[in-house]
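First to last, the protein sequences are chains A and B.
If you want the numbering used here, it's the 1-based position in the first sequence plus 52.
If you want the numbering used here, it's the 1-based position in the second sequence plus 11.
The reader is advised that the hints may include incorrect statements.
[Said to hold, decoys possible] Anything over 12 Å on all C-beta distances counts as not near chain A; from chain B, calculated: (1) ASP20; (2) VAL22; (3) GLU23; (4) LEU26; (5) ARG79; (6) GLU80; (7) ALA83; (8) THR90; (9) LEU91; (10) ARG94; (11) ALA97; (12) TYR100; (13) ARG101; (14) GLU134; (15) PRO136; (16) GLU137.
[What the hints assert, rightly or not] Partner residues aside, some chain B positions facing chain A, computed with beta carbon under 10 Å: (17) PHE43; (18) VAL64; (19) GLU124; (20) ILE129; (21) PRO154.
[What the hints assert, rightly or not] From chain B, some residues computed to sit far from chain A (all C-beta separations above 10 Å): (22) PRO81; (23) THR158; (24) THR163.
Bear in mind the hints are in silico, worked out from the structure with no lab data behind them.
The beta-carbon is built from N, C-alpha and C at its ideal position, and this holds for glycine as well.
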Amino acid sequence: MNHQPDDRLDAYLWDPAAPPDDSVVEIEQRLMPARFDPVAHPLPVDPARIDRSFVRRRALRSRWLQLASAAALLSVAATGFGVWRWTWPDGREWNVRTSAGSHDALRVGATLQTAAADAALVEIARIGTMHVGGNTTLTLRSTTSNRHRLVMDEGTVRVRVWAPPFSVAFRTPAGEVADLGCEFDLTVTAASSRVQVRSGWVQLENTFGEMLVPAGASSMMMTGIRPSVPVYDDARAGFLDAVRAHERAPEEMEPVNRMIALARARDVYTLLQLVQRRSPAAAQLLRRAAQLFPPPQEGDADRAASGDWRALDRWRMALPLPSPKKAWLWNWRDGLPWFSKPPR
Amino acid sequence: MNTSPAAGDHVELVLAAQGGDREAYGQLYCRFARAVHAVLLARLPRAHVDDLVQDVFLHAMTKLRELREPSAFGGWICTLARRRAADHYRRSASEVPMPETVAHEASPEVAAEAAAAIAAIQELPEAYRETLAMRLIAGMSGPEIATITGLTPDSVRVNLHRGFRLLRERLGVTS
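Whenever a hint applies, use it, and build me the whole structure from the sequences.
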């Protein structure tokens with residue numbers, strides 16, 4: 053057996069520096085024209101340009117990553133802050149700062165009473181603040197996460213809460229006042245409770261009925277009478293008086309005519325609330341409402357006039373007002389302490 | 012200039028290129044272009060291969076900073092070349108295949124012989140194609156091929172031996 057040619061072949065295949073094998077050399081020479089010469093084929097594009105575009109792309113990707121990381125961190129921080137803000141140990145006292153500058157605590161069952169010239173700032177757990185005016189008497193009935201209840205006998209408060217609806221509620225002689233995530237002024241006497249809503253919604257409720265009051269409007273609740281319909285504070289002069297006169301004496305036409313004459317598109321909410329209360333002048337009020345803010349479906353005004361409450365609801369929902377249930381989230385400024393202002 | 016892929020330490024060149032040193036990347040191109048060319052030529056018609064070598068390096072330049080192990084540059088760029096070849100093959104599957112051609116400066120007889128040899132390599136079993144192209148066209152040694160392909164030296168030796176015998180037989184070259 054002659055192994056010499058195979059050994060030479062294998063050695064040269066393994067190492068081109070070894071003594072050459074004829075058959076390998078022959079095929080190498082055949083393939084020589086196919087050899088690639090990198091010097092003869094330099095990279096066609098200016099590498100500097102590629103470098104810059106590469107760096108740009110990398111910087112862009114890095115920026116996106118930074119933004120995504122920041123967004124994720126922000127989301128985690130916001131969730132954590134929300135949980136911390138809305139949870140409150142059962143029965144923990146609230147901080148109070150009086151106008152004299154002293155610090156105090158409002159415990160469950162304790163009453164805060166101010167003299168005519170006094171004022172106080174109360175921290176409502178971690179969800180808001182309450183500026184208490186003079187001649188005010190209020191008692192903290194209970195406090196726990198997302199449920200804080202007070203009794204207010206008299207006086208004035210400005211409440212500012214950023215929390216889910218019904219987190220804070222006041223029991224007053226005329227009925228219950230509940231926040232739906234908002235800022236409002238509440239004035240209480242032995243016979244009435246009056247709210248002026250500055251943001252969000254407030255609900256008035258007593259044994260005779262309930263009423264939702266939107267931002268920019270006011271309403272009143274009297275002992276033994278259902279809450280009055282809300283009227284916007286910027287309504288034309290005379291409109292508020294006409295509405296209250298109609299509530300007192302629904303059969304009289306003069307207040308109805310005044311309301312119809314003075315109503316603006318924004319006052320359609322008030323008109324529809326009166327219709328819902330089965331006003332004897334429902335047909336006239338609906339006609340005027342349809343002129344000011346047409347209902348979403350043709351014929352809804354007639355259907356509402358004939359007692360179709362779904363048509364009335366549809367119309368009311370079409371008004372440019374936020375949903376009371378979700379509106380509190382959008383009133384995020386109510387959650388920022390530096391927007392808080394005491395009542396004048 | 013050292014143009015052998017496994018010769019010397021290319022780690023520093025890779026690190027420098029990752030830092031934006033264009034000259035270092037040029038040196039890497041000179042060192043590894045023949046290996047990439049062999050990988051492509053084992054799979055694709057030669058008419059496309061020269062351009063694709065440059066495509067692979069241009070693409071690799073944009074990905075270079077993703078390479079975590081600089082010593083693996085050779086294997087990494089050959090992997091990019093194989094992917095590029097597969098991609099090119101898929102895209103041009105519906106096209107009429109181009110006949111094998113070689114450099115214009117070669118005589119018709121020499122060009123025809125070279126084209127026939129390339130075609131014979133491409134018809135070999137897959138395990139032998141790349142190894143033989145690296146050895147016979149790129150002029151790489153067995154240890155260099157083992158380093159760049161990640162195969163064991165024994166596997167490279169077997170592939171070279173068996174592949175060359177088949178090639179020689181098909182080309183009618185006597186031992």
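B/ARG79 and chain A, when compared Cβ to Cβ, separated by more than 12 Å: Check passes; 15 Å lies beyond 12 Å.
Cβ separation check - B/ARG101 to all of chain A, threshold 12 Å: Correct as stated: the minimum Cβ-Cβ distance to chain A is 23 Å, above 12 Å.
Agreement of hint B/GLU124 with chain A interface, Cβ distance less than 10 Å: At 5 Å from the nearest chain A Cβ, B/GLU124 passes the 10 Å test, so the hint holds.
Minimum Cβ distance from B/THR158 to chain A greater than 10 Å, as the annotation requires: B/THR158 is indeed farther than 10 Å from all Cβ atoms of chain A, at 13 Å.
Given as non-interface: B/PRO81, which should sit over 10 Å from chain A by C-beta: Non-interface label on B/PRO81 holds, nearest chain A Cβ at 17 Å vs cutoff 10 Å.
Whether B/ALA97 stays farther than 12 Å from all C-beta atoms of chain A, as the label says: Holds, because the least Cβ-Cβ distance between B/ALA97 and chain A comes to about 20 Å, which exceeds 12 Å.
Exclusion check [B/VAL22 not at the chain A interface, CB over 12 Å]: holds, 20 Å
Beyond 12 Å from each Cβ of chain A, as asserted for B/ALA83: Nearest chain A Cβ is 20 Å from B/ALA83, so the label holds.
Chain A versus B/PRO136 - minimum CB to CB distance exceeding 12 Å, so not interface: holds, 17 Å
Satisfaction of the B/ILE129 interface hint, Cβ to chain A closer than 10 Å: Hint holds; B/ILE129 Cβ to chain A Cβ min 6 Å, cut 10 Å.
Closest CB of chain A to the CB of B/THR90 still more than 12 Å away: holds, 19 Å
10 Å cut-off, C-beta based - B/THR163 kept clear of every residue in chain A: The claim holds: B/THR163 sits with its nearest Cβ about 13 Å from chain A, beyond 10 Å.
This entry satisfies every hint, going by the numbered hints stated previously.
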